[in-house]
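Undergrad: Start from chain A and add chain B according to the hints.
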Amino acid sequence: MKFTEEHEWLREEGGEMVVGITIHAAAQLGDVVFVELPEEGTMVSKDDEVVVIESVKAASDILAPVDGEITEVNAALADNPGMVNDDPQGEAWFFKMTVSDPSQLEEFMDEAGYQKFIA
Amino acid sequence: MTGTDTTPLHGLHLELGAKMIAFAGYDMPVQYRAGVMQEHLHTRAAVGLFDVSHMGQVRLSGPSWEMVAGAFETLVPMDVRGLADGRQRYGFFTNDAGGIEDDLMFARAGDDLMVVVNAACKAADIAHMRASLPGKISVEELSDRALVALQGPRAQAVMAGLDARAAQMRFMDVAELEPGGIAVVASRSGYTGEDGYEISVPAPEAERLARLLLAHEDVLPVGLGARDSLRLEAGLCLYGHDIDATTDPVSAALTWAIQKVRRPGGDRAGGFPGADVIFERMEQEAGLRRVGLRPEGRAPMREGVQIFDSAQGGDPLGHVTSGGFGPTVGAPVAMGYVPHALSEAGTGLWGEVRGKRLPVTVAALPFVPANFKR
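As given, the protein sequences belong to chains A and B, one line each in that order. Under our numbering, think of the first position of the first sequence as 1, with each following residue one higher. Under our numbering, think of the first position of the second sequence as 1001, with each following residue one higher.
Treat the hints with care, since some could be wrong.
Stated by the list, open to error - Straight-line distance between alpha carbons at most 35 angstroms, and here's what the computed DSBU-like set of lysine-lysine pairs gives:
id	chain 1	residue 1	chain 2	residue 2
1	B	1373	A	46
2	B	1019	B	1260
3	B	1356	B	1260
4	A	2	A	46
5	B	1260	A	46
6	A	2	A	116
7	B	1373	B	1019
8	A	96	B	1260
9	B	1260	A	2
10	B	1019	B	1136
11	B	1260	A	116
12	A	96	A	2
13	A	2	B	1019
14	A	96	A	116
15	A	96	B	1136
16	A	46	A	116
Unchecked claim - If the Cβ cut is set under 8 angstroms, some of the chain A residues that face chain B in the computed set are:
id	residue
17	30
18	36
19	40
20	59
Hint data in this document are derived by calculation from the structure and do not stem from the laboratory. All values reported here derive from a predicted model rather than from experimental measurement. Built from N, CA and C at the ideal position, the CB exists for glycine as well.
Just chain A, with the same shape it has in the complex:
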């Protein structure tokens, strides 16, 4: 698993990246009450706003970590946004995407690096 400074995680699966937010980010957001997901097939550029998460406190954006195409979204989140708090680094992934430029992955942290980043 790789981690971004935006508190996202990326896990490789069949040549694509599965993307979600970290346990730390979910705890900071508080109770999540609404998730707006992108359309499958959308081409995105790094740092595009692709997901909106609303918690009881505020709305936050999730940015595309790299350039690529959104191939699948986790539709279960729309009906059960609380999953983001229950299992942010497992069941509550947000979307899967292709990676147009693998060199964009190089800047991301490993788990140890991320733990140091949030410490």
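TA: Just chain B, lined up with the frame of chain A:
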């Protein structure tokens, strides 16, 4: 605002694991370990304890009750003179344009008037009272007192367990109590739509009182986050958001708080700032009205969302002033201003969220029925 103040319960908040934020110049708990959602639901099911010591507590005294009450009536459109000893009312300071300078609670304690005002407005309110009231009326800020709110359906059981007289109080009664031997002044009121008490306590005793209340298994500490969602579900205004110096009481749907005796035809009609403007507004079925709003989907419509009467095109006709997720309602809820002609409950409108028009319905307030002991 310079620097950050703390309340007498600051150390306790930190010990309880609160997440602190700056609010109206104070370092305040926005939530504790349970989180906003649980704190909200617990308050509706059992009891929540809130630190509201940042609010201003002010005592007005003078030669007689009649003079104190009469003087205060020159600043607010409420019936103050008719207030019985040991009773409290909701009110607001108006300005010459008919706008609301702050909303407040006032209570009669013998010949004195006890006023509780919003934290962000308290310096201006006190200056306003000192400048506007006759010299024989003294305006004393009780900065040596803390204020805590005990709210929820089991609040009476908790309070009466510490002083049996608490059970005899009705909604908006004010009385001196001695929970755990601590001399306090409690009012049976709050800002959640639930039964409960707001308790004024000398600052040095505040932490002991809070620990005594928290020792009860039904009581959970609750932060400002849940305080906001609770008051929103209860349809109560947040000053600076739902009402301000530019909103008049008629637009704000607060006409109910102006008693008949201060209205046209009443024995003491007018005589407060902006009376003519407010009376004129009372005759008009025009302008904006504050209403409840129920977004149809799951997306919250927060403060600033613009309201339209069509799914596409047209100019915004209104706006959201408070909005979020209502944990008890289980859906997003909001308050805002819409044109009078569109203010009837059930009217279908659109709110623009992130560039998309989403359906929203005008709804009666409160969203959750009040649970007061009348």
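Undergrad: What are the numbers of the hints that this structure violates, sorted from low to high?
TA: Hints 1, 2, 3, 5, 8, 9, 10, 11, 15, 19 are the ones this structure does not satisfy, whereas the remaining hints hold.
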